[in-house]
Each structure stands twice: as C-alpha cells, then as structure tokens.
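A.B. asks: Please arrange chain B on chain A, whose structure you already have, making use of the hints.
Those sequence lines, one after another, are chains A and B. FYI, the working numbering numbers position 296 of the first sequence as 296, with every residue one higher than the one before it. FYI, the working numbering numbers position 25 of the second sequence as 25, with every residue one higher than the one before it.
None of these hints come from the bench; they were simulated from the model. Check each hint, because a few of them may be wrong.
Stated by the list, open to error - Here are the simulated DMTMM-like pairs of lysine to aspartate or glutamate, each with C-alpha atoms no more than 20 Å apart in a straight line:
{"id": "1", "chain 1": "A", "residue 1": "K70", "chain 2": "A", "residue 2": "E234"}
{"id": "2", "chain 1": "A", "residue 1": "K310", "chain 2": "B", "residue 2": "D3"}
{"id": "3", "chain 1": "A", "residue 1": "K70", "chain 2": "A", "residue 2": "D312"}
{"id": "4", "chain 1": "A", "residue 1": "K501", "chain 2": "A", "residue 2": "E265"}
{"id": "5", "chain 1": "A", "residue 1": "K310", "chain 2": "A", "residue 2": "E459"}
{"id": "6", "chain 1": "B", "residue 1": "K60", "chain 2": "A", "residue 2": "E265"}
These numbers come from a predicted model, not from an experiment.
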Amino acid sequence: MKLDWVDYLILGVYFAFVLGIGWRLRKSVGSSRDFLTSGRSVPVWITSLAFLAANLGAQEVIGMSASGAKYGIMTAHFYWIGAVPAMLFVGIFMMPFYYGSKARSVPEYLKLRFDEKTRGLNAITFAVMTVFSSGISMYALGLLLHLVLGWSFTASVLFSAAIVLVYTFLGGLTSAIYNEVLQFFLIVLGFTPLAILSIAKAGGWSGIQSRLPPVMTHSWRYMSSASQNPMGVETFGMIFGLGFTLSFGYWCTNFLVVQRAMAAESMSAARRTPLIAAFPKMAMPFIVILPGIAALALAKMGVGYVLPLKGDSYDYDQVFTTLMAQFYPSGMLGVGLTALMASFMSGMAGNVTAFNTVWTYDIYQSYIRKGAPDTHYLMIGRITTVVGTVLSIGAAYVAQRYNNIMDILQLVFGFVNAPLLATFLLGMFWRRSTGHGAFAGMLTGSVVASLTHGLTVAEHKGGWIAPLITLPSTMAQNFWIAIFAFCACFVVTALVSFATKPRPAEELQGLVYGLTKLPEETGVSWYRRPAPVAVLVILVLVVLNVWFR
Amino acid sequence: MLDLRTPAGWFFSILGIILLGLGIFSPGLRASLTTLNVNLYCGIVILAFGGLMLLLASRKRS
Numbered sequence: 001m002k003l004d005w006v007d008y009l010i011l012g013v014y015f016a017f018v019l020g021i022g023w024r025l026r027k028s029v030g031s032s033r034d035f036l037t038s039g040r041s042v043p044v045w046i047t048s049l050a051f052l053a054a055n056l057g058a059q060e061v062i063g064m065s066a067s068g069a070k071y072g073i074m075t076a077h078f079y080w081i082g083a084v085p086a087m088l089f090v091g092i093f094m095m096p097f098y099y100g101s102k103a104r105s106v107p108e109y110l111k112l113r114f115d116e117k118t119r120g121l122n123a124i125t126f127a128v129m130t131v132f133s134s135g136i137s138m139y140a141l142g143l144l145l146h147l148v149l150g151w152s153f154t155a156s157v158l159f160s161a162a163i164v165l166v167y168t169f170l171g172g173l174t175s176a177i178y179n180e181v182l183q184f185f186l187i188v189l190g191f192t193p194l195a196i197l198s199i200a201k202a203g204g205w206s207g208i209q210s211r212l213p214p215v216m217t218h219s220w221r222y223m224s225s226a227s228q229n230p231m232g233v234e235t236f237g238m239i240f241g242l243g244f245t246l247s248f249g250y251w252c253t254n255f256l257v258v259q260r261a262m263a264a265e266s267m268s269a270a271r272r273t274p275l276i277a278a279f280p281k282m283a284m285p286f287i288v289i290l291p292g293i294a295a296l297a298l299a300k301m302g303v304g305y306v307l308p309l310k311g312d313s314y315d316y317d318q319v320f321t322t323l324m325a326q327f328y329p330s331g332m333l334g335v336g337l338t339a340l341m342a343s344f345m346s347g348m349a350g351n352v353t354a355f356n357t358v359w360t361y362d363i364y365q366s367y368i369r370k371g372a373p374d375t376h377y378l379m380i381g382r383i384t385t386v387v388g389t390v391l392s393i394g395a396a397y398v399a400q401r402y403n404n405i406m407d408i409l410q411l412v413f414g415f416v417n418a419p420l421l422a423t424f425l426l427g428m429f430w431r432r433s434t435g436h437g438a439f440a441g442m443l444t445g446s447v448v449a450s451l452t453h454g455l456t457v458a459e460h461k462g463g464w465i466a467p468l469i470t471l472p473s474t475m476a477q478n479f480w481i482a483i484f485a486f487c488a489c490f491v492v493t494a495l496v497s498f499a500t501k502p503r504p505a506e507e508l509q510g511l512v513y514g515l516t517k518l519p520e521e522t523g524v525s526w527y528r529r530p531a532p533v534a535v536l537v538i539l540v541l542v543v544l545n546v547w548f549r
Numbered sequence: 001m002l003d004l005r006t007p008a009g010w011f012f013s014i015l016g017i018i019l020l021g022l023g024i025f026s027p028g029l030r031a032s033l034t035t036l037n038v039n040l041y042c043g044i045v046i047l048a049f050g051g052l053m054l055l056l057a058s059r060k061r062s
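Isolated chain A (complex conformation) (with noise of 0.2 Å):
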C-alpha cells in the first residue's frame, strides 16, 4: 500500500481534532472526579457510543475480518450470540445496581457489596488486564502498520501512544469518550464504503454465497457438531460458553466499558447506554466481517484479488488492509487508514482511562494513601495515566512475542472474567451471599480456568500439566475453560456463603436485588424507557439470526 500526500494530511487533520478536543476540554477537569468519572454528566448518546468505541478497537476489526475469512459468518455469533444479549442484560437488570450504589468503579461496587479483599483481588487482576489488553491492541497497530506501510514498528507503537497519552492526560475521561465517538464515526463512515464495495464486486450475498462452502454463509446449520464447521464449536459451547459466560462476563463486569454507562448524566441514561449501543453493535458484522467473507469469494473469482499469504499458509489478519488498498484509491485510503488508527486510539484511551481510575481510587486511595485532599489524588490520576501508557507499550513488547491476537485476549478473558460474571449475579440477586464466599469463588474459578487451559489441548496450545483431552480448536478451548470457571466460581461461592455470616440487610440497601428501590420509568416516551428499547433489540437479533441461519 502507498499513501500520497493527501492521505497524510487526512491523517495529520485527524490528529489535530483529537488533541484539540483535548485541549478544549482540560478546563472542565477541576477535580479526581471530573478527571476520572466525568464527574457522571455525558449525555447518553454520547455515553452509548463511548461504550460501543471503547471496546472496538484495532484487533476487533483486523481480527473480526480475519475470522470472516477464516470461519465464515459463525463469527458474527461474536455479537448476535455474544455481546448484544449481554449488552441488553446489563442495561436492563445490572445498572441499577452500579449506577444506583453511587461507586466511583467496578471493583468499588465489589467493596461496598462485598468486603474489601473482594475488591482488591479484582482491582489489581483488573489493572494488569487493561494493561495487557491495550498493549495486544497497540501491537496490532504496530505490526500491521509495519507490514502495510512499512513504518517502524516502534515508531508507530510510540507515536500513536504519545497521542492517547496527550489527549486523555489534559481532559480525562471526558476526553477518552468525546474521542471515542468521533473515532466510531470515522470507524463507520471509513469502513462501511469498504464493506459495500467488496460485498458488491463479490456479486453480493447470493453472489457470496454461490461461491463459497455452505458452511461459511451459514451461522447456524452446521454447528450440531463441531467437526461440521471450521470454528470447531457446537451449539452448547457457542451458547453457554461464548453467549453466556464470556460475553455476560465482559460486558457485564468489564469496568472498561462499564465505565462509560457510569459516566451518564441519569440513572435513566445509564441504563440506556448499552441499549443504545446495542442497535450499532448488531450492524458491526455488516462492516467488519462480511468483507472478511467477501474476500474469500473474491479471492476465487479471478479478478485479481488473492488473499495474503504468510510462508505458505494465509494471513487473515493482512484481509482487511488488502482489501483497502485495492478498493480504497488515494484520499479515501487516507480515510481507512485513519479509522483504522483511530479504532486502534479508542481502545487504547479506554483501557488507560479504566485502568487509571482503578489504580488511583481502588489500589492508591484504599491501600497507599488513604484521606489526602483531592487535588493529591487528581495528581496521581495524571501520574497513573502517563504509567500506564508506559507499562501499555511494554505490554505490546511482550505480545510480539505470541501471534494470534484474539486467542490471547480470549485466554485471558477467559481467566479472569468468567468467574467474575458469578460472583456478580450472585452477588446482586442473591443477597446470602458473602465477601468470603465471592473472594474464595473467585479465586476457585480462576485456578480452575488455568487448570482447564493445563488439562486440554487444541491446535498445540494449553495442556501444559498432561495433554488429558484434545478440543477441536482453540476457540472450543476458551468457550469451554469460561464454561468451567464460571461453574466453579457459581459453586464455591454458594458454598462458603452458607457457611458464613451474611451482612445485615440494613447495609446491602442499593446494593443487591430486593433490598434496592428499582428506577420505575414512567410518563416518558417508551423509546426513553429501557424495557421496550430492549424488546426491540431482541426483535432485529432474532431477525438476523434466522436471516443468516
């Protein structure tokens, strides 16, 4: 790919915006709140796609086009199965609970529900996460920047990090989330001509499907055993694994996107968030994995497209910029190239905006410094963001060293939040239940997910204690190590909470179902209540799940 002067200066203009918005908005930071919790005052569409950009970044649209190519549309189970229930479940039945309990985080919410060792434990697993999440997102950047452009891996890696840090050090978390939603417009308005282009020139849907395998325009037919389709998954796993516990646990727990619910204005707006948000996320396969699929049929149809090759095996992750490059002439390249940037800014900013509100309210203020007036922890806030950007790029340092991004991040998804997705339901509608009882459940689920990636193998990974069974692929693997942790975290949890002494009620009010005034929505439009919003989702999910059955 070679970029003209144009396309530098689409870029440059866009780097301008994003550190001008920057600088617009270092005056609203006055204190810890405002830097980190934007002080709860965004509006909700804002908030909504906020939510939606924080987690979409550069290894979401490489690695969901990757996966188009590779397994077909079974991918888009990612969200329709995935994310968008999830999304639904925690708009509908979780805020009230995070946004009512009045807590600065996650983990807080763990502190006030729970005990402190509960948050701790999360706090702490939770700010290693974000680090290493947003160094795989910035080693895909950079990888990709180098093999398509030919730029020093290093160079991008720094310069791009350099503009996160600019622009969420002057503004905060007001910041990180005004750039989120102009990084998803640009996200949209960049891809989508792509997505068009390459699904019209492969002779559209028919055109797709009359050139491929059955098995990869089909999300459902062939998943009644995973050795029918290339995924290597079947329903049960698909549904429980990636529809229940790794994506009720990412959406549902994961500060990260969290977060910028909490930011909203209302306890309505907040509510709202993942809702709204859950109408873009349903189109996100129309830009991000059809042209995926769209490849491989163009590949076949001799027109001069040929898929990237990597030694003498396909490179899936180089589909989306191929596509680019040949689809995209000067200007408009300059404007995916841009989004591609920009998709890969928005994760990053949300993990460092997450993690420095957890280092500076739930490992600073609660273990290293307790009772110092505000502007000290306003301070260590900025501190913690320039921190984290740092630790983020020796993250992408190590991540170099493993390659397929979206099998790591799973793992580590996997360890970490499927347990976490029971300690939350226990824990807010189930009001028996105790910090002994989610702390040792935790930490069960944890071990027992690390057991579960020892115990098994698929594809050479895992089964580093004794190759006891073989799964059909890596994806299987992760599906079935969450499926196992969340299992065991439900159980040891409901165990020693019988075993132990619960709060009294008195102190779970807000807190836990039952024991929380509910939010009633009345005498407002029902697009402005949650519960019909949420009807409507389900409507157009179950449309595309039997449309491309």
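C.D. replies: Then chain B, alone, in the frame of chain A:
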C-alpha cells in the same frame, strides 16, 4: 461543556471537502478493483454527515 457535534461537524466537513475536491479535480484516482470514483461519492456522504452535525449543533444553540 463542549458540544461534541461542533468539532465532529467541522472534522467531517473538512474531510468531506478534501475527498470531494479529489473526486472532482483528480477523477483519475482509481483503485485497482473498482471503476467507481470512490473519493467523489464518499466525499459527498462524509460532507453531508459533517454538515448535519453542524446543523444539529447550531439548532441547539439558538
């Protein structure tokens, strides 16, 4: 607080104008797999989006 639609509107308007300009004055810029003037059409859409954002922002102010 800053109304996000204002900077977003300006950003996409500028982007749209650059693309539209390319589409009109360098119509020969084509990618290998398509015969369309991609810059022209994308420029129109992006400029329209930028304009819409600016319009929404100004309606709120007045």
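A.B. asks: Compare the structure with each hint and give your call.
C.D. replies: A quick look at each hint next to the structure:
For the proposed pair K70 (chain A) and E234 (chain A), the alpha carbon gap of about 17 Å is at most 20 Å, so the pair holds. Taken as a hint, the K310 (chain A) and D3 (chain B) pair is broken in the structure, with Cα atoms around 46 Å apart against an allowance of 20 Å. The suggested pairing of K70 (chain A) with D312 (chain A) holds, with an alpha-carbon distance near 15 Å, which does not exceed 20 Å. The suggested pairing of K501 (chain A) with E265 (chain A) is violated, with an alpha-carbon distance near 37 Å, which exceeds 20 Å.
Only pairs whose Cα atoms come within 20 Å are accepted, and K310 (chain A) paired with E459 (chain A) is accepted, the gap being roughly 18 Å. A hinted pair counts as satisfied when its Cα atoms are at most 20 Å apart, and K60 (chain B) with E265 (chain A) qualifies at roughly 18 Å.
Checked against the numbered hints given earlier, the structure breaks hints 2, 4 and satisfies all the rest.
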